[in-house]
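Trainee: For reference, the chains in residue letters:
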Amino acid sequence: AQSVTQLGSHVSVSEGALVLLRCNYSSSVPPYLFWYVQYPNQGLQLLLKYTTGATLVKGINGFEAEFKKSETSFHLTKPSAHMSDAAEYFCAVSLNSGGYQKVTFGTGTKLQVIP
Amino acid sequence: EAGVTQFPSHSVIEKGQTVTLRCDPISGHDNLYWYRRVMGKEIKFLLHFVKESKQDESGMPNNRFLAERTGGTYSTLKVQPAELEDSGVYFCASSQGRLNSPLHFGNGTRLTVT
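In order, the protein sequence lines correspond to chains C and W. Letter 114 of the first sequence, counting from 1, is numbered 759 in our numbering, and no numbers are missing. Letter 109 of the second sequence, counting from 1, is numbered 112 in our numbering, and no numbers are missing.
Keep in mind that a hint or two might mislead.
[To be verified] Covered stretches of chain C, going by a simulated chain W footprint (3 or more residues, C-beta under 8 Å):
| no. | stretch |
| --- | --- |
| 1 | 663-673 |
| 2 | 719-730 |
| 3 | 743-755 |
[Said to hold, decoys possible] Okay, the calculated bits of chain W under chain C, using three or more residues with CB under 8 Å as the criterion:
| no. | stretch |
| --- | --- |
| 4 | 45-54 |
| 5 | 89-103 |
| 6 | 108-115 |
Keep in mind that the hints were calculated from the coordinates and are not lab data. Owing to the predicted nature of the structure, the values given are computational and were not obtained by experimental measurement. Virtual Cβ for every residue (Gly too), placed ideally from N, Cα, C.
Start from the sequences and build out the full structure, keeping to the hints where you can.
Mentor: The following block contains the structure:
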């Protein structure tokens, strides 16, 4: 079985500060990993994904995440927070289920950016 | 391209009533997924269509939920009769391909059962 744990349901950072959102996964096989963002009253949008290859993945809006197999982690970072980054962020893991992907989401982390 | 659209955006019904949610995926996307998020909890998988066939319906809570995807285009999710615990946001997503394809989400339907 696969699962995703996001540490911290709420994170507050000052504008310009480092953003670090934590995600750990449990999987018996190498997973595909995603980060999605949800802005108020909108659906989820893909920020970035890890499949194979380079473990440091760059996404949209200056976000990046690093896959660390030894730590079963896929933390999301951004060097400098903008007010527009305030949203809810979801880590997700995808495994092969009958030849198709089955995606499991974490509980989400709400990011507040303080001016 | 047009995104995934869901209708209605909000629905408030009384316990025991019936509600039907609709999802129009991105044209050409064979995969259509339904997810639900209950207040503050994780986004939970309900089921997955490949074209008109149910590939995986392991997440459907019980037989009060019925999903269809006629002709492999739009999908409906009917809840009959609705219970209080069915309240939440129902998301639809679509994707191309079989593995590691990003999911494209609609804005969700917020269902409130009173």
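Trainee: All hints are to be evaluated individually against the structure, with a verdict given for each.
Mentor: Hints, verified against the model:
no.	hint	result
1	663-673	violated (count 0)
2	719-730	violated (count 0)
3	743-755	holds (count 11)
4	45-54	holds (count 6)
5	89-103	holds (count 6)
6	108-115	holds (count 4)
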